[in-house]
Structures are given as C-alpha cells and as structure tokens.
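Novice: Residue-level listing of the chains:
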Amino acid sequence: MNEPIYIVEGVRTPFAKAGTTLADTEAADLGQTAVRLLVARTGIDASSIEEVIMGCVSQPADSANIGRVIALRAGIPDLVPAITVHRNCASGFEAVTQAAEKMLVGRGHIFVVGGVESMSQIPLMYSHQAAKKFAAFARAKSLPQKLRVLSGFRPADFQPLIGLQLGLSDPVCGCTMGQTAEILARDFDISREEQDAFAMRSHHKAVAAREKLNQEITPVYLPNSKNGRTFMDQDNGPREGQTMQALAKLKPAFEPENGTVTAGNSSQITDGAAALLLMTGSALKESGLSPLGRLEGYAYAGLDPSRMGLGPVYAIHRAEQRTGLGLKDAEIIEVNEAFAAQVIACQKVAKSQAYCRELLQRQTPLGEIPDEILNVNGGGIALGHPVGVTGARLVLTALKELRRRNANRALVSLCVGGGQGGALWLNRN
Amino acid sequence: MNQNIQREVSDAGIAILTFDRPDSTANIFDERTLDELNDHLDFLEAEKSLQGLIIQSAKSKIFIAGADLNTFGKEMSAARVAMAIERGQKTFDRIARLPYPSVATIHGAALGGGFEVALACDYRLASGDSATKVGLPETKLGILPAWGGLTRLPKLIGLPNALEAVMSGRQYSAEQALKRGMIDSIVPRKQLTAAAVRKIQQVEGKKRAPRTHLSNRPPLSKMIKAQAEKKGMARTHGHYPAPLKALEVAYASLNLPYEQSLENEKNRFIELALTETAQNLIGIFFLQERAKKLKLPKELGPAPAAPRQTVHRGLVIGAGVMGAGIAQWLSSRGIRVILKDIGPAPLGNGMRSIAKLYGEAVKRDLFSEVEARNGFDRILPIYEEVPLREVELVIEAAVEKLELKKQIFADLEPRVRSDVVLASNTSALSIDAIAESLQHPERVVGIHFFNPVHRMQLVEIVRGTKTDATTLNTAIAFVRQIGKLPVLVKDSPGFLVNRILLPYLVEAVRLFAAGYRIENIDRVMVDFGMPMGPLRLMDEVGLDVAEHVAKELESRLKHLGPLNDTLNKMIAKKWLGRKSGKGFYDYQSGREGKTNSELGDLQPAEPEIANEGDLRDRLVLSMINEAARTIEEKVVEVPEDADFAMIVGTGWAPFRGGPLRYSDHLGIATVVSRLNNLRDRVGTYFAPCQLLAEMANRGGSFYPERNPIPSAETEPQFEKGRHESDA
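Going line by line, the protein sequences match chains S and L.
Numbering-wise (our numbering), the first sequence opens with residue 1419 and increments by one.
Numbering-wise (our numbering), the second sequence opens with residue 462 and increments by one.
These aren't lab readings, by the way, just hints derived from the structure by calculation.
The beta-carbon is built from N, C-alpha and C at its ideal position, and this holds for glycine as well.
Please note that the accuracy of each hint is not assured.
Capping the alpha-carbon separation at 20 Å, the derived lysine-lysine pairs in PhoX-like fashion look like this [unchecked claim]:
hint, chain 1, residue 1, chain 2, residue 2
1, L, Lys-1019, L, Lys-1095
2, L, Lys-817, S, Lys-1644
3, S, Lys-1644, L, Lys-1095
4, L, Lys-551, L, Lys-727
From the structure, some residues in chain L lie toward chain S, with a derived Cβ separation under 10 Å [stated by the list, open to error]:
hint, residue
5, Lys-817
6, Glu-821
7, Phe-837
8, Tyr-844
9, Leu-849
For reference, chain L alone in the conformation it holds in the complex (with noise of 0.2 Å):
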C-alpha cells in the first residue's frame, strides 16, 4: 500500500518524516494521512534514543497544501466537524510535545495546516525558493485555523504580525515569513535537510524556550486588538464574520491555557463552518479549483492533443489601459511582449503605466526591484512593423472599433505563423464578426481580461462559432500559464461578466436620474456585499467606456429597456469618472470621495426617498434576470460558471455565493414574484426570463439541495497558487 508519509532514522539518531502524497502533486492532509502520522507518532514517542524530529516534503512546490476541505464540504454536522478539529489539534501536539527537537523544513506552499503543523514545531526553516508560501489563509473560507495555529502563532511572532497574518489570510514569501518571524530562517532547498539536522545538534536535545512579545501584554495587546477590530469592520462591513472571530480567539489564546485555547479554536471554527457564509466561501475555492482544470466542451469532440507549448513570445496590439495591463502582466510571468501602438506617444503612456504597475508592486513587495525591471525589460513598444515570426501568440487590445480590430486581424493573419492563436480583448464586440473576413477564422478566440489586469483573475475565453478546440485549449492552457482563472463563454453580446453588470449599472443610472441620492444607490449595494457601489464602479471603469458598452449591448439586448442620456450629458462635461478626475464623484484634491457637486441639474429638484428594499431589488434582481439569461442562452454550461465569474471578475458578494447561487437562496418563486411587481410598478424590462419564470412554475432552482459543490474532480487543497492576485 502506498505511504503518504515515509520515515526514516539517521545514523545520529534524527528521524526524518516525508510527506510524499501517491500520484499527486500536493501534499494534504485528510483522514489517512493524519493515521499515518499517528501511527509515526507512537513510534517517535516510543523511542528513546531519538535526538530529534525533522518535517519535510518531496514534492517539488508544496509543502502541506492544508485540511482536506472536503470534510467540511458535505454533510456537515457540528460533531463531525468537532471531530475532525480535536483529531488535528490532537496531532499537533503530539508533534509539540515530543521530548526532543523538532524542525520543519519547509519547500512549497505550507499553508493553513500545512503551516500548523510547521508552527507544532520547534523550528522552522524554509527555502528562498518562489514556490515557498506559508500563511494561514483559513479566514479567507469563511473559516479559522484551528489546529493551533490561533493559538501558538501570536505566541512565536507577537500579536500585531499574527493579526495581519490570520485576518487576512495573507500567504508570505520565505522572505516575508522571515521578517515576521513565522520562520527562523531561509536555507537553500538542497541544505535544507542539512540545515535542520545541524539545528538539531546545536540546540543539545533541548526543545525551544517561549519567547514573549511585549505586544502581547496588556496595555499594548488591548490597543493592538482594538485597532484590527476596527480595522477588520470596515474591511468586511460585517458580513464576513471569519476574521473577526480569529481575532477574538488569537487575543484570548494570550491569556488562556493552553487547552482551553485550544478548546475555544474548535468551538469558533464550528460556529463559523456551518454558516452559509463559509459554505459559499469554500464552494468558491472549489470554484476556483475547477477552474484551474477547465475542460472544452464536449460538443467539440475529443479534444486535441496536448496544446500547444508554454508562451514565451507575445504581441499585444494597443498600448491603451487594456493593453498596457495585459503587456505588464505577461512580462511579469516572464513572456517577451511585443507592444505595439501607431507611435511614440500611446506608447510612452502604456510604458509610464506599465512602469508604475512594476513600481507599486516592488513597494507593495511582490517583486524585487532587479524583479521588476527585468519584467519592465521584457517588454519591447514598437510602432514599425517588423518581423513576427517569433510571436507565439497575440492579443489584440486596440480600440473598440469593429472596423479597425477586422483590420488589425486582417493585417496580422498573413504576417504571423501559420498555428499562432489571434485573441481579442474585445468587452464587447463579437468574436464572429472579427473573424468573419479573415482566411482562418478558426484561429480567433475572445480572450478578455478585466481592469485592472494585475488584480482581476478573471479572465474570460470568448468562443466563436469557428473558433475550434486546438484554438481554445491553446487559449485556456495560456491563461492557466499566466496565472489566471478562466470562464469559457459563447460569444454573445457583453459575453458574461459585463452581460450582467450592465443591466444593473443602467438601472443605477435610471434611479440616480429619477432623483435617488448617489450615496444611497451605492450604499446599498456596500451594504448588500459588493466591493463597491454601481456608480462608483462606473467612475472607475470609465464613463465613456460604460456608455459605449451599453450602447453596444442595447442594440444586439433588446431586453435591456430604455437608456436615458445622462452618461452623455456627463461624457460632454468631460466628466469620465475616476481618470478625468470627476464623475459621480470628486477625485480632485481635497473634494476625494465627496459627490459630484456639479450633478444638480441632471436630477429632479425633488429628490426621491430611498427605500432601501426597492433599491436593492431594482439593482440585484436586473443582475439575477441577466444572468439566469446567459443560462437560458447557453452563455455558459452551468450555473457555476455564472457565479464563478460574477464573484472573481467583479468581487460580486462571495459570501452570497454569486448571483444565481443567492436566487436559489431568496427561492426563485420570491425572485420572480417581485420581478413581476417591478415590471408593473417600474417598467416592462424587469419582466422575469422565461428560465426564471418556467423554473418557478416548476419549484426549481439553480443548484441541488445543499452539497452544490462539484467536488468530485478537485484536488482539496488550501494552495492557490500564483493566482494570488500578486501584482
């Protein structure tokens, strides 16, 4: 039978365990594997001549990658999951009390238990290696680390790091790790082993005295807990109670013993797992997980042989905002980008952006400097034509004109190798009518990012009716190599995300033009879970860009209803939101995040009194009607698909579990009952779609009962990856 965990003894009496999952690339922890280090564990108890303990893990990127989440995935109850945390914590501190030393030496991502059972540890050294991670990124599901990481991390490295490090799920590089103390130092990977046994025999046998933080005592301690209170408000607006309550048991495990800390751990991660918050949470990872294996489509047939190799050159037409994010990104995920613009001055834009992505993210430390500058490096602007024989692939991101993208294509296609794939950018125009006139249509494919490049993982693989399999899959395999997440899509108007966005800021639009204040219309959505109101969103996209989506959407939508002319009136003053420095709101200095004062005359005298319900139904349920039509329209295969997109591409309420998710949860009867009202009452648009309304009638709904999850062919980890949104 296959170990997950090998042991041997050395000569110098130093036993060695090696996580080495069979026929896998992780390592986790689940139900076996947690036997087998018991099984160990009364050997390591059991032998008395033993000097010490070392941790490490064979594979080549991770470490631990955490809890097996499908334990707290389906068929939940509170015993089992109390169970499951007392077995870990159990574990754990076996490690913890060993008679002698102990060392994890830590290569790859070592995160939630993977990083617990690292903290059970005396020491801990790590590789310098960019594929060591560690952190406890439990908050982020909805959840808590209790496998003693609560309890034992503010003890190694102070209250104030471990606050950061648990309420925001943070995963640190070796260095960063270093700098906090989470480990005790950073050993090239092939030492590693050596390291730890020479850690070992300094220390004599002796296990590792407690350090105590000053923060960790009162008064300090109790301001410190204040302001990461007060702190973690207003990140999560009170809908995500994870952080919080990490919070409240890190502070507590400060003046509790040891086993009521532990005991408190488990009691808050129980109330914490059966919530539907943690559920949609953790269905989200798994949503990400699917993600990263997304399949084609079997319509398509087999699908072809292994794509085509890793992209190592590539061109990105337009040097605009789009462009300059994609070309920034690809560099620095290590392709050479041609960037090309029709001269010096788009360009010296796109490369003063694209130097000032580089710039925050050296700040924000995500690279080195010499990082960085070999990335910027990467990137060639050009506006001569010259030989592509070398481009791999290409990215059109020029303006949104129809006629100039047929052209660009048109112009490209002879120029470059016979089998390189053709993607647009495009957010709005169809991938058909780009490819229409060219010789091989097949080639072209939508491959759409959102702004800004850097932070949003979304990135959706728009499917024209030629578009063939070779083509997608090269196109899914490339925005897996960059560290993204796909969503594929039919091409269709406004493809996915922004076919459902859209809907819902034009009626924002509507409300803020039949006289409702601004600030309500954004509150309540805040209020609701989006990391942003309707019309603050527009002013960060852009005005223009918004009006020029939505009139490109109104005539291929008919469903859309009515636009009203206020975005005109507003794109005539200039005012195009966050980059001209005025839109709904002030960004001009010293006016930040006021309103607009200058609005008055596009709104009636009298303003209109918010009711806060009406509101929220008017803005959300346009989103649920679009989406529960990309369903009807096979935009996409599944509803998982939709609220994927929706949650990673627009940050759409996680904990909410995206949009078709929260119509489940309201009842689809309720969605299309009030749909029905806001027909009659606001306008025929609000008409329910014929899915939602075929669905009531039947008492349908989107997902089975509870365990929604496709789980079956995911690998349940913590790791994430790149994809951690680093610059």
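Chain S extracted, bound-state conformation (with noise of 0.2 Å):
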C-alpha cells in the first residue's frame, strides 16, 4: 500500500446478549452513539468527512441503509454521504477495507467506519405465500370479495419465519451456520472436551479482561427502560467462574443425536455497535491527532460454503501472498470465535502441512496459531458476536492490545457464512 491507512481512534458499545439489557435500543441508536462518540472524542470537524461506512448484515426494516440514518442522526452533516455494507460476519472489516480501497485510489481522506446490528431487533415474517393472501385482501372492495380472500387462509399462513434462523442458515450449500461447525468437528476429530475447554477458556479470559475491554466501551443510555436502568456500561456475555460442568450440561444445538456443538461453545447472539475513524497519512499530519495503527494489509477468500469455518486459514494465506506476513510475524492474533470448532479446526489446519496442501494448494503450513496469544482478551463465545460488529470490533480491540503490550503487529481473521474468510493485519506503527 502506498498511502498509509490509518485507524485513528475506536469506540464501540458495550455488547449485550440478545434479548437482554439493550433488546429494546434500536440498531440505529446503537450505531450513533458509538458514531457521535467518536468524532467528539476526537475533535473532527463533521464536515471533512469523505463518507459513512457501516457494516450491518440485518438492516431493520425502519431503516433502509442504516449506515446513512446512523450518520445524520450521529449530527454528521446532510453533505457527507453514508452507505451501508454487507459481507456476512465480516460487514464491519468490509466497511475498514472499502474506506481504504477509496483512500488508496485517492477518493478521500477521512472516513468513519464501523458496524452495528440489534439481532434483538431482527423480525419475524410472512411467508411470501402469506403476503400474498394479505395483498389480496387488501385490494379486494366489496364484503363477498374479502370473505373469499379471507376463506383461502390457512393456518400456516400465519406461522412466522424467524428472520434471525433464516440469516444464519447458508441457502446455498442448505446448512445452517451450527451444521457447518459440526462438519468441521468430525473432519477434525474435535471432542466435545476440546470445544468446551476453549470456550471455558474464552469467558476466563473475557472476565479477566474487563477493565482492558471497557477502555475501547462508550456506555448506552437507556432513557426509555422499564426498569429503571439508565445505562449500560460492560459486555454481558462473559460469566463470571464458567466451568466445564456446566458446559457439559448443555444439550447439542444443532444435532441433537451426536453433535458436539452446544451454545455454550457457539458464539453468542448480540446487539452492539463499533465505530472507527480512517484517515490517509496526510490527513492525520493535518489533523495532529496521534492514530492507534494502520491497516498494513488485507485478503478476502472464498471455500466451500459447508465448510466455512475455516474461512480465516484461506484469508490468511491470501493475505499472506500479497503482503508477505505469515503467522510468525503476528504478536497478537484475533480468529472470531464462531464456533469453538471453528477455531480449532483453523489452528489444525494452519500447522499441518498436509492439510495446507490439500486445502489452500501450498508447500508449507501457515504455521502455528499459538494460543497464548490467540484472542487474548476472550471473542465471540464470551463477548457475542453481533455479526455486523465484529469485524470493526476485532479491529478496535487488537489495536488497544497492541498499545497495552507495546507490541507492533496483529493478524485479526473471521470466518463468513457463505464460505468466505477475511484477515487483516494491522501495526502499530
């Protein structure tokens, strides 16, 4: 990359379990408050800004490109225009990684990035068969018209589909995103034991680091609660003592007769936003501000959707190819925990030659993915996953970790429902 690309400042929301403390903020108000927080903070005139990009994978209906509702609403002005992005679990690493395409063909300087999702908030539907009848009824004039409509409802009709079921299933290879993680454990041979143990390990480390994660937190205020919370202020995914018995109590989520993944070592399902500020070298010389890293690098891949867990490995190894860091060169490294299977099954893969040759056609393994520096502050299984976010997360969390350990280099990847995986590399300087 020839301009450096860097990430100047970060904020996100806390992060909430679905149906919990912000199940009742809607996306667009968690969107602007990481949003406006952040160009406070630091002291940008609104106006410099080249564009709005947010990443969301289940836009409410209320609002049709939220990353633009989000910007006017943050108190961005009319001027600067706004688009929302949409890569699967990846949308927040998709709004980093178009904000620094522009910027390296020259189309603007500042941007603010991020990603937002209420999976809260996401709807249930109507069949099309339903809507359909609906339509019908609504057109139809006269009181013989509209019993005959009526009469052709069946109870089906009205049966909702569940939107957030229906984003986490792949319409492509027909698995949903669990079935994938069950692939990975049987081709993997991955026990029950070694998911559980990572996901233990996972809150362990999320408790741990509470007073590291909230430095990169802005609260949410709750003006409308019900019950009288005003605010929140901590991530509500991390148990506090999570031990492997109570994992083990936990019932197969996906296949219920011989599967190995349960929610306690899926991610969760989460409401929260993340916003970072973008700018070239020039523009941060303009502005004095002092930036967390730049954006030193990046791949997206594509695998077999069924399998698309393994999603970073192939991110990884593109990365690799275009900007020549490999897995030594990592201080830090984040692999969203969609799966604790997922995981593993990356690590697996990354160290075995034979794999690394049947998979991604090359000589060498990519090398080890050490746990003790992998996802050290705890990821999606403890934090949640809410899968617009995360990418912007990712990014936002490994930069402050960078500066905590005084080390330069971070590899972030995800997996993407779909079959696809992403990596980015950042450094610190």
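Starting from two chains that each stand alone, build the complex the way the hints lay out.
Specialist: Structure, rendered in structure tokens:
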C-alpha cells in the first residue's frame, strides 16, 4: 500500500446478549452512540468526513441504508454521504477495507466506518404465500370479495418465519451455521471436551480483561427502559467462573443426537455497535491526532460454504501472498469465535502441511496459531458476535491490545457465513 | 404613500388583497389599515364582475397579528372603545356579505383580529409551516374577541372546540387547527394562492352554506357550557373575568340574531377593557414585547457591533434537574448540546428526564415523534474530556458550590475558543466570585433559568461587575434565540426573582412554625392570585434547594430576619418536597395533595387562628418590601423589570400587575404603615426599606399615574412568537 491508512481512534458500545439490556434499543441508536462519541472525542470537523460506511447484516426494515440513518442521527452533516455494507460476519471488516480502497485510489482522506447490529430486533416475517393473501385482502373491495380471500387463509400462513434463523442458514449448501461447525468437528476430530475447554477459556479471558475492554467502550443510555436502568457500560456476555461442568450440561444445539456444538461453545447472539475513524497519512498529519495504528494489508477468500469456519486460514494464506506477512509475524492473533470447533479447526489446518497442501495448495504450512496469543481478551463465545459489528470490534480490540503490550503487529481474522474468510494485518507503527 | 394593503384583480376576476405593512415584519389592524380595507371593500362591493376574493399576507412569519393594542392601552373611554369595536365588526361584516366567495390564505400567525378577519371569509387555507399559528388569544389579555370571533367561531367549529379556543387563548398549529375545523385545509405555502383560486372556481361563485353542529343545540350545548364554566372557574379562581365572559357571549351567540350577538361582544368587551385587570394584563403583554427588545444599560457605552452569530453548539455542564432541563430546551430549539457530567449515572438520569420531557411534549402535540427524536439526538451525554473547539456557548449548571464552579470555569477557560461566553446558571452564588480567578472574567455572565425550564419563559441575565457589553449582548441574543424572555439584573444576592421570593417563603415557614395551618397559609396566597401557595411552591422547588438558597442569602442580606430550623428538621427526615414524596404535603399515592400528617411536632400543639388579612399582609408585604429594595439597590433599572420578572418568572398574580404595581394600587403610604405595624407587632425585619419610607413621605409611586406602559417603542400586536411555552 502506498499512502498509509491509519486507524486513528475507535469506540464501541458494550455488547449485550440478545434479548437483554439493549433489546429495546434500536440498531440506529446503537450505531449513532458509537459514531457521535468517536467524532466528539477526536474533535474532527464532521464536514471533513468523506463518507460514513457501516457494516450491518440484518438491516432493520425501518432503517434502509442504516449507515445513512446513523450518520444523520449522529449529527454528521447532510452533505457527507453514507453507505451500508454487507459481507455477512465480515461486514465490519468490509467497512474498513472499502474505506481503505477508496483512500488508496485517492477518493477521500477521512472516513468513519464501523458496524451495527441489533440481533434482538431481527423481525419475524410472513411467508411470501401469506403476504400475497394479505395483499389480495387489502385490494378486495366488496364484502363477498373480502370473505373469499379470507377463506383462502390457512393456519400455516400465520406461522412466522424467524428472520434470525434464516440469516444464520446458508441457502446454497442448505446448512445452518451450527451444522457447518459440526462438519468441521467431525472432519478434524474435535471433541466436545476440546470445544468446551476452549469456550471456558474464552470466558475466563474475557472476565479477566474486563477493565481493558472497558477502555474501548462508551455507555449506551437507556432513557426509556422500564426497569429503571439508565445506562449500560459493560459487556454482559462473559460469565464469571464459567466451568466445564456447566458447559457439559448443555445439549447439542444443531444435531441433538450426535452433535458436539452447543450454545455454550458457540458465539452468542448479540446487540452492539462499533465505530472507527480512518485517515490517510496526509490527513492524519494535518489533524495532529495520534493514531491507534495502521492497516498493513488484508485479504478476503472464498471456500466451500459448508466448511465456512475454515475461512480464516484461506484468508490468512491469501494475505500472506499479498503482503508477505505470515503467522510468525503476528504478535497477537484474533480469530473470531463463531464456534469453538471452527477456531480449533483453523489451528489444526494452519500447522498441518498435509491440510495446507490439500486445502490451500501450498507446500509449507501456514504455521502455528498459538493459544497464548490467540484471542487474548476472549472472543465471540464470551463477548458475543453481533454479526455486522465483530470485524470492527476485532480491529479496535487488537489495536488497543498492541498498545497495552507495546507490541507492533496483529493479525485479525473472521470466518464468514456463505463460505468466506477475511484477514487484516494491523501495525501500531 | 406606502400602502398597508395591495389589491390586484386577476384575469379570472378574482381579487387579491395582500397585507404588507411598510417597514415592518408584522401586519396589524390599526386605524389606517382598517381605513384602507374599507376603501378596498368599496371597490369589491361595486365591481359586479368579480368571482371571488383572496386575502393574503406578504410577510414571512405573520399573516395578521391582530388589533393595535395601543387603541385600548391609553386614554381609554367607553365611547372610544365602542367605536373601535364597531369599526372592526362592520368592516369584517362587509367581507362576510360580499356576493361571491372569499378565501383567507394563512401563512404565519393569524391571531386575534387577524384570525377574525379570516373567520369572516368563507374558506381558510393555511400553510403547514411552523410559523403558521391561528387562535384568539384575547382572553389572556383580559379582553375578548369582539370583531365577530365569538359569534362566528362556535357556528364554524362547534361550541366545545370554540370554547376551548377562546377560553384558553391557545394558539394552534395548522395541523391542530385543521383537526378542529378552524381551517379547511393545509396547502404548501407556494401553492396557497393557486389553491384558493381553485377553491373559488370549484364552488362556482357560491357562498358557503352554514353548518349546524349537534353540540350547538340544547341539551348538549347546555351541558357543554356548564362544564366549561366549571373548568373556567377552577382555572381562574374568579380573578380573571374574561374567559367566563367569552363563554357567555359564545354560548349566547347560538340563539341570538347575528347583529345582537355582535352587540353582545361589544358590550362585554367594553366592560372588560375598562377593568384594572385588563389594563394590567395588556401591560404585561407590552412588558413582554419590551423584554424581547431588551437593550444594554447606557453606562456600558455604545452597544458593540452586532452580537455574535446564532449559537449552533452549546455545552451544558451538569445533568441534574436544571442542566437536563436546559439541555432539553436548547436541543428543542435546534442547538446541538454536549451534556457533561462526571459519570454515566448522573448522565443516565439526565437523559431519562430529557426523554420524559420530549415524551410529554409529543403527547401534548407540541412535537411530532420525529421532531422529538431529532431533538433528543442533538444531545450528546459525555463524561470524558473532549475537544471543545466547536462549542459556541457554555452554560454551567453544576451543584451550587462556589469552589466547584470556580474549578469548572478555570478548567474551561483555556479549552474553549476565546470568544465563547461562559455562563453560569447559578441561582444564589455571585457571578463575580465565580469569575474572580479567571484570566478573562469579562466573558462570564449569569444566564439563570427557572424550573421547570420548558415551562418558565423568564431568564435572568446576570451582569457581574466585570462582564463586558459584548458578553451581555451575546447572552441577550442567545436568550432571544431560544425563545425565552430576558431580564437584565445586577450581580447581587439572589439576583431578582429569588431575592423577592425568598423573604416570602421564609415568612411562610415562620407562619407555619408559629402554628398556622398549611392549608390556610397556602390558600390565602392562591386567593390572592398566585398559581400556588408558598409552602407548596417550596415542595416543588425542593426543601433542600430552598434551604440552601435561604442560607446563602441570609449571610448576604442582613435584613432577612431569623431563619428557623423547620426546613432543616424536615430535610433531616428526608422530606424534600415532591421529589422525595413528602414535604409540607404528601405526594405518595393515595394521599396526593393532602398535607403531610407527620408534621405535628414541628408546630405548637395549639394551632394559631388564621386572620386572613394578617396572613396575606405578612406574606405579600414581604415581597413588596424586597421588590422595593431591588429598585433601591439598582438590581434592576426600573419597576417594570421587577414586576415583569415576578409575573413571568413566578406567575405572580398577573391581573395585579406585579408587586410594585400592586403597591401603587394599595398606595405606598398604606404599604409603609402596614409594614411599620408588622415591624412593631411581629419583628423588626418588617421595617420598610428606605426607598418605600421616602416615597411614602413625598407621596410618590413606582409608576406614573396610569398610562403606565412604555408603549412608544413596542410593536403593538398579539403575536407572541414561539415563547408561548411550547415544551
């Protein structure tokens, strides 16, 4: 990359398990909370922003192009355009890399990017069949006409489609995300105990890192909550004292008979938002701000949708081809925990020459993803995985961690529903 | 010669009268305008080929703001008033009787006579602009709509809506007016004329057929009248005759021939206009107009060039009751606000109360859901230090501790732009003391709001000894920008309103401690015309706040007399007034409005027998004496300031015209002799201040003999702009 791309500052809301503290807060409210604090904290002139780019997987029906809704409600001037981007679980990455690509071709110097997701508020829907009948009823003029249409309704028409479930299913391979994790567990012989142990560590790390994580969080205010709570300023996903026994009690969520993937060793369904300020080197210099770090390189890669959990290794491989940076160069690594099985599978593939040859057509293994530097503050299993947000959250968390460790390089990666992976290299200098 | 009304006739034979008063932003009905209108009517009646008439305004914010109040303000006689009323009635009648349809196209405020002329037309179209307001606010001024309004409105929209409109004097938005039938439709401003032409062509030159409302006939009409009467009595406590007279006229109009109803309007109007009540209420209107044009005192030299631009971004420090209230008000006026406090907990409470204010405003139809949310979004709650380069004005509303405030201002000074005004909302601390240690004390000023901020129109602008003219001008422009009414006061203990109020509240507590019953103490003052009694007021303010202000002022005002420990004892029991559920009254559910039953040990066992006259004197004269002191010490420049501030800031019996006007009414000599009497009987703190004593000696008064009102430089009109306390 020619002109360096800086991540100047970032902030996120606390992550809340779906259906809990932030359940009644609209996605746009979450998004604007992060964006406006970012602008206020950095003191940038909002009219100097080239564009606002927000990742979001399930855009609320009443906030089409939610990126624009967020920008306007956060007080960013009308004249600054905004888009919403969607690359499933990597939507937060996509926001970062789209901005980077624009900056690299000289289309602007200052971008506000991020992600937003209210998984609590993903709606239930009527089937297309039922919707057609509703439309016909609305068109019917006379009473007999209306009665005729009404008589055509069947109980099944009133069975809602669950938006959240549909979103977590792959229409191409026909698997749910959980089933893709079961496939990986079988392919790579990953036991239930291995997965549960990984999940437990995620919780322990996240609980221990609470103070650190608070550094990247700004509170969400709850002016209308019914229970008297007026704000939320901490993640509520991490469980104090998570144990193997507790995890072992959970039933497999996707394959009740023989499965190993449970709600406990999968990522949580979560509400939240994050925002990052990106600048070119020249803009940064002019602003006088000191950055968190810069984007050194990145790649997305595609793979078999039914094994989407391996996406990170494909993307890390591809990023290596582009940047020359390999796993050994990373001082910390984030592989978002969609499922414990999926991360463990990535670790196994990365260090295995055979798998790397078979899957990535490379002669040498990618290398180790050591536990000691992997997801050091916990991952999606403990913190939650608001799908449109996680990419931006990983960038933010990793950069802040680099500063705390006085380290330079971080590799952050994600698996993506639909069979993709994304990997970003971040450098503090 | 400049014309107030232009006339053109279109090819289609439609006449258009355009009201456009020269060199003014408002149209009003003064004598000349009525003359011109009659001249045009001569033409309109004579010209047989005309198909219709359109009445419109060329102004951007005002259709027609009403009658010229000066007509009723000075040198009034029944005969003169009668003439003015008849003149308007006859003129509007000519419009109503034109042989072809007429349409008023309303953009901007159509109030009082301005709406009555529209009522004389067959149809009313209005723009949906926020400047568009229609209504008949006359009863607020102690008079009533007598140019046909009371006769025409009930027939048009039915008795219930008509009574609500005339008795409350409320100003309606286009949407609200449409809902009630006061206008026929809402049309974008640019298309008003075209729509009016279409309307005239649509009805093919026919007049509008009258409509009968079921509610205008007995028995419904009778029930509605009785209900409105009851409500009106409760609201006015018998002090304000106008709403009830308006009710009578409107009701009678249902069964009277048209001419007789107009006659009725006129006669009742004359009765009202000649009362002292109407004079005082109209006087308040002029005082409000005066406040809108508040100027700097002369000793500050020539006013600096135009004050700084409109404020778009403000910083409010402190998310307590006042800070949150101020932030909400500013945000509702389009200002982006950083609301700063020390952590998420106070900010969470502040944001919650702001959301509640917006929610109530939506319920009351003052904002749409979207407007309310946009307003709410303009507030950024924050507790970290952020760059303040974009902030254009600061209002500090932190806890009332001098050291804390000094610290806040010292921190702020280097962080905001050098031209930013630093204002404190302190109610009891000295602006000079707060500014003392700053490098640039000249940019510190008090901008003191009253609680609840969204309701109280008054804002005291407190001038410290070092505050410079630029700062004052900016503060005045800002207060005007946000639709509040400023009064300029000198930095002095309690400033103006709290200073005058405090001796009264302290006296009420003394009366309580002496064994008078709470109900008696409060009732005397409600009967006097205050919106609530002093003990209830303290409950609303918060006993802790009242006690704090009292302590602060006691140390700075030597004449205040002894404080007793009643408040302290109550505060110790966590009885802080409404906010804690208990004070002098009980606010817990089931006991609302009853007095706190556990106050027994704070009073002597034997209750004191209430002598109403005595109670009233002790309470009212406390205020009068203190108000006189504010003049003596030049806290304000003129008695108008004190009276105006007390009425607007505390609801001080408006029909009495304020404490100083009222003391003129009593006679200064009487005031002084009663004060002397109280001094001898009750306590030396009742001793009349020097100014009163001296005035009594020379037979002086605060105001010149009636013609009291500094009307020369006011725009006489009903229009009251947005300060009509809308959320």
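Novice: Look at each hint and say if it fits the structure.
Specialist: Hints and how they fare:
1. L/Lys-1019 x L/Lys-1095: 17 Å, holds
2. L/Lys-817 x S/Lys-1644: Distance ~12 Å between L/Lys-817 and S/Lys-1644 Cα, so the pair holds.
3. S/Lys-1644 x L/Lys-1095: Violated, at roughly 51 Å.
4. L/Lys-551 x L/Lys-727: Holds, at roughly 12 Å.
5. Lys-817: Holds, because the Cβ-Cβ distance from L/Lys-817 to chain S comes to roughly 8 Å (cut-off 10 Å).
6. Glu-821: 13 Å, violated
7. Phe-837: At about 8 Å, which falls below the 10 Å cut-off, the nearest Cβ of chain S leaves the hint on L/Phe-837 intact, so it holds.
8. Tyr-844: 9 Å, holds
9. Leu-849: 8 Å, holds
Checked against the numbered hints listed earlier, the structure breaks hints 3, 6; every other hint is satisfied.
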